[in-house]
Amino acid sequence: MKTSTFPDPFETARKEDGVLEIDDQNDKVTMLLRHKDVRKTAHNYKSFTSETQPGRIVVPSEVSIRDTRQIPFEVDPPKHGAYRALIEPWFRRPLDPENQAKLTAQIESIVADALCKQTVEIVEDFALPLQSKALTLLLNTPLEESETWISWGTHVFRSEGEALDGDKANVLYDYIEAQLDRTIAQPGEDLYSVLLNSEVEGKKLTKEEAKGVMVLTFAGGRDTVINAVTNAIAYFADHPEGLARLRQEPELIGNAVEEMIRYFSPLTQMGREVTEDTQVCEHAIKAKSRVSLCWASANRDEGIFENANEIVLDRKVNPHVGFGFSHHNCLGATHARQIMRILLSTLSHQIGKIEILSSEDNIEDWKKYRRKVGYHQLTVKLSPLNK
Amino acid sequence: MAKITFITRDKQSITLEGNAGSAMALAVANGVTGIDGDCGGVCSCATCHVYLSPEGLERAGAASEIETDMLELDDNANEFSRLCCQIEISDAIDGLVLNVAR
Ligand code: HEM
Ligand code: FES
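Protein chains in written order, with our numbering: chain A, 1 to 387; chain B, 1 to 102.
Be aware that one or more of the hints could be misleading.
[To be verified] Heads up, simulated EDC-like pairs for lysine to aspartate or glutamate below, C-alpha to C-alpha not over 20 Å straight-line:
| hint | chain 1 | residue 1 | chain 2 | residue 2 |
| --- | --- | --- | --- | --- |
| 1 | A | Lys316 | B | Asp36 |
| 2 | A | Lys36 | B | Asp75 |
| 3 | A | Lys40 | B | Asp69 |
| 4 | A | Lys316 | B | Glu67 |
| 5 | A | Lys40 | B | Glu67 |
[What the hints assert, rightly or not] Covered by chain B, according to a simulated footprint, are these stretches of chain A (three or more residues, beta-carbon under 8 Å):
| hint | region |
| --- | --- |
| 6 | 32-44 |
| 7 | 311-318 |
| 8 | 325-336 |
Because the hints were derived from the structure by calculation, they are not lab data.
The structure displayed is predicted, hence computed values, not measured ones.
Beta carbons are placed, not taken as given, at the ideal position from N, Cα and C, and that holds for glycine.
Model the full structure from these sequences, guided by the hints.
Right, here's the structure in full:
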């Protein structure tokens with residue numbers, strides 16, 4: 001098996017039962033594995049709510065480590081729509097040509113540095129700085145802020161399998177608290193300021209609400225982006241012909257990015273609480289219990305995707321749910337897509353060959369399934385493209 | 001060469017000419033409000049939703065199953081809906097009018 005192969009651990013359960021029950025801190029979660037069920041359930045917020053106790057829809061549950069409600073993530077329509085309308089324009093800023101140019105300059109410089117070093121550990125020394133620096137553009141904060149975020153390392157608010165670390169989460173909460181206080185004292189033109197200065201349904205956004213948005217922006221966009229970037233590098237190490245193809249046919253870059261998001265599914269699953277006794281694919285599900293929408297499994301559903309276990313760079317029709325589906329679909333997707341598109345374009349123009357020297361898989365281990373989501377470390381040798 | 005008219009929610013009518021590619025790509029390249037094309041046209045985001053007239057639908061053709069499944073879960077979709085990233089530009093659809101859904 002190639003280093004960049006990401007097996008699908010859900011195939012048998014998806015075909016046979018359509019669900020997989022896992023135990024999360026002594027609370028059962030019924031994972032929904034089929035594309036159709038995942039999308040239908042994501043759409044049906046009345047029976048499958050996101051607006052329960054803060055932290056409960058996350059798998060593993062974060063109930064014991066936080067009280068702050070993440071916004072708009074843990075709010076149902078119609079209020080969800082009001083929050084979303086407020087922040088969505090800001091999250092589309094990455095489409096602005098000026099922002100794209102800045103992001104391109106950042107990524108080109110990171111790739112050039114990596115080429116100078118030749119041997120690079122991708123997770124800590126490439127993907128993390130790239131993700132952090134890019135986030136300063138999304139938040140419109142000074143580039144220097146990224147140094148703090150980089151210094152937190154990749155493990156700061158990562159929950160591995162079932163392990164949760166409250167102390168680590170506090171690093172982020174304390175940081176955001178301080179940033180919000182700074183903003184209250186001296187507003188600027190960053191996302192914190194925009195949030196604290198805005199209204200939802202005629203009421204000013206509270207500091208707690210702003211905190212809920214910011215925590216989500218930091219946490220939701222960190223490991224996901226780091227894994228997407230790292231896994232893409234591993235893929236091109238194993239598939240140099242892919243880089244050559246994108247160089248010759250740059251119009252495929254958009255398709256390639258969507259395909260990598262499908263195949264890698266950087267976010268495995270997200271939960272919902274069931275509001276009434278119901279049924280999903282012939283399984284009875286009790287009120288108050290949890291289901292999860294398993295994006296990773298839906299994205300390998302053989303009934304929807306031909307050659308689901310392969311990366312097909314030019315896949316034309318690709319109804320993947322890697323960025324979620326329906327009301328809560330990923331607000332950071334525009335940003336994540338820009339990062340990936342610019343990264344693929346830059347790699348295709350600058351890199352001739354990527355050689356994997358060593359790697360250690362990052363595996364989500366739930367006893368009932370083990371899923372590779374990325375790497376703890378991926379050390380590669382980069383060679384420039386001979387132009 | 002085909003002329004395609006997009007009518008936005010605020011009733012602006014924008015007629016564009018295209019040779020190839022999708023109606024979504026043409027709209028995005030010309031900044032038509034309400035057509036975002038977030039997924040780049042792979043049928044995964046539904047930010048390219050349009051309504052056609054019955055005649056228009058006949059000319060553009062019916063949606064594929066994948067597209068229909070996507071539209072079924074869109075609260076604003078009806079029998080005249082299409083995702084315009086799945087409408088290929090060709091002479092056959094010259095003069096098509098697309099009402100932008102969002
Ligand atoms: C490749 C990278 C990413 C992937 C795969 C990803 C995946 C997802 C998924 C699957 C959801 C749906 C959750 C649900 O239905 O409950 C989601 C929601 C969200 N994501 Fe992302 N995400 C990524 C990057 C980002 C980034 C960079 C940010 C912000 C900087 C971000 C912010 C959010 C927010 C705010 C939501 C909640 C939206 C809502 O509830 O309306 N994500 N993401
Ligand atoms: S552009 Fe995404 S579905 Fe049409």
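A quick look at each hint next to the structure:
no. : hint               : in the structure
1   : A:Lys316 - B:Asp36 : 18 Å, holds
2   : A:Lys36 - B:Asp75  : 16 Å, holds
3   : A:Lys40 - B:Asp69  : 10 Å, holds
4   : A:Lys316 - B:Glu67 : 13 Å, holds
5   : A:Lys40 - B:Glu67  : 15 Å, holds
6   : 32-44              : holds (count 4)
7   : 311-318            : holds (count 4)
8   : 325-336            : holds (count 5)
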